[in-house]
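There are 2 protein chains.
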Amino acid sequence: GSGLNEAEFLEYGRDRLAQFHPDFDLLLLPDNPDEVVAVVRYCKEHNLALVPSGGRTGLAGGAVAGQGEIVLSLGRMNRVLEFQPRLPAIRCEAGVITAELQRYAAEQGFCFPLDLAAAGSSQIGGNIATNAGGTRVIRYGMLRDWIVGLKVVTGAGDVLTFPGGILKNNTGPDLKHAFIGSEGIYGIILEATIRLAIAPRQPTTVLIGVPDIDVAQVILQELRRQGMQPLAFEFFDQGCLEIVREHLNVAEPFREPVPGYVLLEWDAAEFDFDDAVTMFAGMEERHLIRALRPATSSTQSAELWRLREGISESISMTRHVRKYDVSLPAECFAGFQANVIALCRDMAHVYPVFFGHLGDGNLHVNIVSSGAESRRTGDSHEFMEDTGNIDMEIYKLIGSLNGSISAEHGIGLLKKDYLHLSRSAVEIDYMRQLKSVFDPAGILNPGKVIPD
Amino acid sequence: GSGLNEAEFLEYGRDRLAQFHPDFDLLLLPDNPDEVVAVVRYCKEHNLALVPSGGRTGLAGGAVAGQGEIVLSLGRMNRVLEFQPRLPAIRCEAGVITAELQRYAAEQGFCFPLDLAAAGSSQIGGNIATNAGGTRVIRYGMLRDWIVGLKVVTGAGDVLTFPGGILKNNTGPDLKHAFIGSEGIYGIILEATIRLAIAPRQPTTVLIGVPDIDVAQVILQELRRQGMQPLAFEFFDQGCLEIVREHLNVAEPFREPVPGYVLLEWDAAEFDFDDAVTMFAGMEERHLIRALRPATSSTQSAELWRLREGISESISMTRHVRKYDVSLPAECFAGFQANVIALCRDMAHVYPVFFGHLGDGNLHVNIVSSGAESRRTGDSHEFMEDTGNIDMEIYKLIGSLNGSISAEHGIGLLKKDYLHLSRSAVEIDYMRQLKSVFDPAGILNPGKVIPD
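Chains as they are written, first to last, in this note's numbering: chain A, 689 to 1140; chain B, 689 to 1140.
You can take every hint at face value.
For identical chains, the list gives no copy identity; a pair is met inside one copy or between any two copies.
Calculated pairs, DSS-like style, for lysine-lysine (alpha carbon to alpha carbon, straight line, at most 30 Å): (1) Lys-1084 <-> Lys-1011; (2) Lys-1104 <-> Lys-1123; (3) Lys-732 <-> Lys-1123; (4) Lys-1104 <-> Lys-732; (5) Lys-1123 <-> Lys-1084; (6) Lys-1011 <-> Lys-1123; (7) Lys-1104 <-> Lys-1084; (8) Lys-1011 <-> Lys-1104.
The hints are simulated quantities; they were obtained by calculation from the structure and are not laboratory data.
With the hints as extra help, turn the sequences into a complete structure.
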């Protein structure tokens, strides 16, 4: 017995994927880095497996403790340690909630470069360990690019401190990148210094109706050539909008439905609003844009964002679903979409919807159950069985297009059997060799990421 | 005999540091990646040392072949392979000259994110292997952040291909970062895909006179808080300006000399010129700014840039010099400067000048010979002997401030004995362990970066 009640047991033993069953006996909640280091060294000596645990908002099973591991939660190490106005940057412990850092940065007059749906409960250490993406990647890049300093303990029990006060440090190989995005298999993040971005002065939102996903990308290309640097360029198709409208009871944004929707945000202090409107008008004439709705207030902007941000929740509340987090070369999306639609056509009561960070070449593809008989009230197990073969079909398709089977969610337990479709055998072998270097006893998050 | 004449021998056997003497017998100029891979595999099997060689514009001896190694020049692999308009990105071979990529990007309506003094002869492969910095880092970050795809051959002879068509690929540890900035000790870069930036629309340059280096940083902090994102924020002191004026015979930029000069560039299409002028006026009132000279044409802008870009050349043509490439936490620069001045005061005919990328927390400190008797016509050997002890003093000072002994130039042969001042013993040991993983026979650039 772990001394935890059932809710706590489920809470600490897995992430949001929730498809794996927890099985662990011990939960540790260290209060400071020294305690974490002591735990790692003890576990190394006694060959005890550890699962590092942040906000557990992952979607790939990376934080599942299902084989009697010890869960090591960083949640009590949640102090903001320092604001460095001249970089500018924040230094903090691994367990700080991401939204807390967003608030802190805004108070200092800057912008935290990371925003994602889980910001309210994800922790920065977990975000770094998974190289988190989200809605600001198009402007700021992945979280990796903003990490200045890092303090980690390796599986061997060594503490590595990468200095947080300096932006440039070309003194040989930069080892901190081995830990960013490694999902806790090489080391545990204890502390980080994250650079802050200049805050946009007049964020401006428009919803654009487009004939298809390919045209959406042509539009982005033209905006960039004219000098616009979008803050967001999010896509969703008519299928997504229908589910959102049904679940959240919101109105149709345009007079009539269009095949695809782009939520564009940019800083009108950087790129003049009237110049943008002139560009849009030209694109309407050329039939690239079918409909346009600018937000004229922050309330209207929030309403438009709700259409995009409500998608995941609306799907999980009303449908059975299989989710894919796909990166592809930009020119492959239209063909990929057609292929996935064709795959689903062969199955009864199932269809795909497409949404996500199109500006980053990253879509979240959801295969959902159609019709009333297969709603959440129906049998999820049956849906998963009926659609069981589609995973491999979709992952193979992605592999054949030189895409990524996990653009931002990571590999965890969920996708490790498909890893070879995005990474070569020799590369996976190097991952294994680095595991032997950084975690020779194999105590950190065993069974995750690297196939057996 | 290598069959090379003396000029070719010196050209291919060392970099711009020129303080080490080449000693090699064989120069290879492969024409394609397969040939490079074949050479590496052959050398691994027969235990032959290789020095990967790009444009040899480095300043740390990273490309020196001084122990009978084989020089492997990538210079003939200089094809631009593909433009990807939707990322946007360029895919090219390792030997393409950096300025060529700048031109190519501009032709496509975008901006190559890297610019540095050596752009006319440095090769992109070498730039990646040293994670090059330069004058655009303040806006775009180091080159590392712009590398999408990479093809490398490890010292073990394995080819790793990191896909260049996708921006997001969270499929476990991202191994390409082991090769970026590793100075050729883990692998040889064969091909790269580099993202392009949105081109600035109205680049605008002003020269600002400041009372000292600390105030310069306060000015930057205020500009950023107001929402300005500089394209450049370069510093030089009065000592630098005197040497440039003497060598290039240019006029004093202000009515009277000031202690420090900041060359600020920003995009006036993003941040209004008149708003900036109002800010500057407020700073003049508060005595942060002593003098201001805006460039009102591209000719005037080029004249201002010449003051900054002429420094290195003017110093090497007129003085003996010891160079340091220093990163420090921003608030430490004023104290560091005072300490270096004090160190030099103890030596005859020697003084320091300070210039560089202050906005990145990176200064190039040059200790130069003063007075006519120690000009280039004097004895360089004598100068180096007289000032021999200062290296360790300066590096120790940097280490004590948690700075970097090499912000952008790398370690090479020149600084490996000081590496422990910027990296911990356990970290250096991990570098060594990764060397065993990626280059088990130790054939790639032996003796560089990692201390013996």
